[in-house]
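Peer 1: With chain A held as given, fit chain B onto it using these hints.
Number of protein chains: 2
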Amino acid sequence: MTLILSNEEISQLLSIEDVLDALEEVYKDLHAGRAVTRRRSDTLVPAHHDGEEAIYGFKTMDGVAPSQGFSAVRLNSDIVTWPVIEGSLRRVKIPAAPNNRWVGLVLLFSTKNGEPLAIMPDGVVQRMRVGATNGLGVKYMARENAKTVGILGSGWQAGTQLMATCAVRDIEMIKCFSPNPTNRLNFTQEMTETLGVEMMAVNSAKEAVSGVDIVLCATNSIEKVYVEGWLRPGVHVSSIKMPEIEEAALKKCDRVGLHFGQQRPDTVTATGLEPPDRRSGKGWDVNRTFNYDACPKLPQMIAGEVKGRKTDDEITCFINDMGLGLQFAVTAGVAYKKAIKAGVGHELPTDWFTENVHP
Amino acid sequence: MTLILSNEEISQLLSIEDVLDALEEVYKDLHAGRAVTRRRSDTLVPAHHDGEEAIYGFKTMDGVAPSQGFSAVRLNSDIVTWPVIEGSLRRVKIPAAPNNRWVGLVLLFSTKNGEPLAIMPDGVVQRMRVGATNGLGVKYMARENAKTVGILGSGWQAGTQLMATCAVRDIEMIKCFSPNPTNRLNFTQEMTETLGVEMMAVNSAKEAVSGVDIVLCATNSIEKVYVEGWLRPGVHVSSIKMPEIEEAALKKCDRVGLHFGQQRPDTVTATGLEPPDRRSGKGWDVNRTFNYDACPKLPQMIAGEVKGRKTDDEITCFINDMGLGLQFAVTAGVAYKKAIKAGVGHELPTDWFTENVHP
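If you're matching them up, the sequences are chains A and B in order. Okay, so the first sequence: first residue is 1 according to this note's numbering, each after it adds one. Okay, so the second sequence: first residue is 360 according to this note's numbering, each after it adds one.
Looking at chain A on its own, in the form it has when it is part of the complex (with noise of 0.2 angstroms):
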C-alpha cells in the first residue's frame, strides 16, 4: 500500500529529536558520498493573481539515503506576489488552490525496490527540516554552555527553530521580536508552553539579541533583520535563509558556516521575467561580497572534518543557505516509519502508482 499522510499526522507523529538525529547521520553519508541530493531547480513564468502582476513557480528537488532505504522529490507549485508589507519587499506565496490551500508535497520512495511509499504535504517536514538544519548549527557551533536565546520572527519556521535548538542546548530563557505585538505575544505564550522554558515578547530586535548567547533569525524578510553592531564575543548566529544577516557581520565573524552551499537553486524563466526581488537585487543576490567557498559546510563539521568552534570567545554564524532534497528523503522518511507502525494515514493500493509497461 501506498501512504497518504497529513499535515496534522505528520505533526502528531515528528518529533524534532527524531529528525536531528536522522539528518546528522546522513549528513556523514553526504560527506562521504554515499547520500546524494539534486541542487532545487525553480522553473518560472509569468501569471497573474486577483488583477495583479504575479509569477507561477514550479520547484522541484530530489535526494536519495541509500542508509535509510528512503529517495524522495518534494515540489512546491506556487502563485508568487511580491507585495511591500510594513516598508519591505516581501515575497508571498498566495494559497490559490481550492479551499484556499498551498500546493507542497513530498513523493517518499524505496531504494530497495523503487517503490513509492507515501505522499504527504511538505509543510510540516519543511518546517521540521529546517528546524533541524539550524538546530545541528548550534549542535556544532554554538557554545557548549549556551542558556539564552533571542529570536526574530514569530511564524511557521519560529518554532522549529526553538525547538532545535532546545533540544541541542540547556537554554534557560528566551526572548522575541516580531514586528507584529500581537503575534509575538501569541507565539511567546504557545512557545512558553510547547518548550517549558521561560520566554518573553520583546519590543525591538535589538533588545531581543542583546546578551544572549545564541540569535535565531526565523524571518520571512528578505533583507537583512541582523546587523554588525549587535555582534558579542560567543554569540552564535543563526539564519534560515541569506538575506538576513547583513554583509558587514558575517565578515566580522570568526567562523560562518554553511548548510550545504549550494545557496542558489538552478533557475529556468520564461523569456523576459525576473522576479521583483531579484530585479531589485535582492533575494538571492545580497550579500555577494562575502567570500562563502571560504566558509565549513555542516556535513564537514559533523564528519569532524572542522570545527564549528575553537574558543567560548568565537564569533560564529550559521546560514541554512538552501536546503537539499536529501532533507525531505530523510524526513519523511521518519515520519512514514513512524506513521506505519502507528498504523495512521489513507492506505492507497502501490499498484495505482506503478505501472505493468516499461516507462
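Don't take every hint at face value.
[Claimed, not checked] Only pairs whose alpha carbons sit at most 35 angstroms apart, straight line, appear in this in silico DSBU-like list of lysine-lysine: (1) B:565 with B:700; (2) A:93 with B:697; (3) A:341 with B:452.
[To be verified] Now the in silico label distances, taken between C-beta atoms and shown as ranges: (4) A:343 with B:392: 47 to 57 angstroms; (5) B:625 with A:180: 18 to 28 angstroms; (6) A:207 with B:717: 25 to 35 angstroms; (7) A:1 with B:625: 30 to 40 angstroms; (8) A:194 with B:380: 53 to 63 angstroms; (9) A:183 with B:360: 27 to 37 angstroms; (10) B:411 with A:180: 27 to 37 angstroms; (11) A:92 with B:545: 55 to 65 angstroms; (12) B:392 with A:11: 36 to 46 angstroms; (13) B:459 with A:189: 16 to 26 angstroms.
[As the list claims (entries may be wrong)] Here are a few chain A residues that sit away from chain B, every Cβ distance over 10 angstroms (derived from the structure): (14) 12; (15) 112; (16) 180; (17) 196; (18) 261; (19) 343.
Treat the hints as calculated values from the structure; they're not laboratory data. Glycine included, C-beta positions come from ideal geometry on N, C-alpha and C.
Peer 2: Showing chain B alone in chain A's frame:
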C-alpha cells in the same frame, strides 16, 4: 478533485494526433520563451538486485506550459542493471516494485492556481510523447511524398513511432526488423491491424532500411544499429536515442535535427559510482566528435526559423536527443482534459495533496 489515471485509461483517451497537435503548438511557445522546461536530472547510488550489482536511479524532469495551463514533473524510481544480451550491452530497468512493476509517474498541476490536477503512471504518456516528437521530426524533415518506412525495433516505443509517422505522411508500406523473430512477427501483425498499412517482418536491419523513404530507429540498444553505408539520397533517418546512429552516418547527412539539444541529463552520483555504459564509453558518451551545436532544433524548425529539408535529394536525420519535462506537462494535460470530459479515473480529494500551512 485530483484524478488518478491508469495507463489503460490514458491509452483509451489519447490519440497520437492529439499529442502531435498539442506538442507542435507548445514547441512554438518553447521557442519563443513562453514555455519553460528543466533539464532532466538523474541521482544515482549503488544498489543490488538478486545479488547482482545494480544502480538505484531517481530521475526527474519538469516543464511548464502556461498556454495550456499545465505544469508537470515526471519521475522515475528505478533499479537498473546492465546485462549483455545477444552480445550487446543493454540497460535494463528491473520491475522490482510489488507485483513486478516499474515506477514512473507524472504529476500534473494547474499554472492558474497551482492545484494538483492529476497523478498518472508515465508509461503511455512517455511513449506517446516520444512517438509524437519523432513524428514532428518526420513532418518537418522527411520528403513530403515519403511512402515507405523501415523500422528497427519492435518494442514498446516502436508502435508509437509508426503511429506518428503514419499520421504525418501517407505511408503505404512498412518493413520491420528486430533481433527476435517472434517479436518482429507479432509486432508486424499487431501494427498492420492498428495502422491499416501493409507491413512485413524482414530478416536483417539492412533489408529493413533498404530502399525506404523513412528509417525509424526505435530500439533500446546503447550501441549503433544504423550505419553510414545504408544512407541513400532523399532518405530521412529518425532515432529515439543518441547511440543508435553511427557517427559517420551523422556526418554524411545534409542536415541533422535535434529535439532540443540538451543531450545529457544533470547527473549526481554517489562517490566512485559509474554506470557500466558510461564506464565503457557508451550511453551518453557516444558520437562525441559530431558537432551537435550546429544542428537545428525541433522548436526552431516548427517556428519556421530553420528549414528541415530544402530538396527531395537531401539526406536528413532527426535525433530525439533527450526528453523534456515540458512534453509531460503537455501530453498529461491532454490526457487529463479528455479524462475529465469522459468522466474517467479515480477521484481523490484535492485537499489530500494541498495544505493550509505555508510551505
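Peer 1: Hints first: check each against the structure and report whether it holds.
Peer 2: Okay, the hints, checked on the actual structure:
no. : hint                                 : result
1   : B:565 with B:700                     : violated (46 angstroms)
2   : A:93 with B:697                      : holds (30 angstroms)
3   : A:341 with B:452                     : holds (31 angstroms)
4   : A:343 with B:392: 47 to 57 angstroms : holds (50 angstroms)
5   : B:625 with A:180: 18 to 28 angstroms : violated (42 angstroms)
6   : A:207 with B:717: 25 to 35 angstroms : holds (27 angstroms)
7   : A:1 with B:625: 30 to 40 angstroms   : holds (33 angstroms)
8   : A:194 with B:380: 53 to 63 angstroms : holds (56 angstroms)
9   : A:183 with B:360: 27 to 37 angstroms : holds (35 angstroms)
10  : B:411 with A:180: 27 to 37 angstroms : violated (60 angstroms)
11  : A:92 with B:545: 55 to 65 angstroms  : holds (57 angstroms)
12  : B:392 with A:11: 36 to 46 angstroms  : holds (41 angstroms)
13  : B:459 with A:189: 16 to 26 angstroms : violated (55 angstroms)
14  : 12                                   : holds (14 angstroms)
15  : 112                                  : violated (8 angstroms)
16  : 180                                  : holds (15 angstroms)
17  : 196                                  : holds (24 angstroms)
18  : 261                                  : holds (15 angstroms)
19  : 343                                  : holds (18 angstroms)
Comparing the model with each numbered hint stated earlier shows that hints 1, 5, 10, 13, 15 do not hold.
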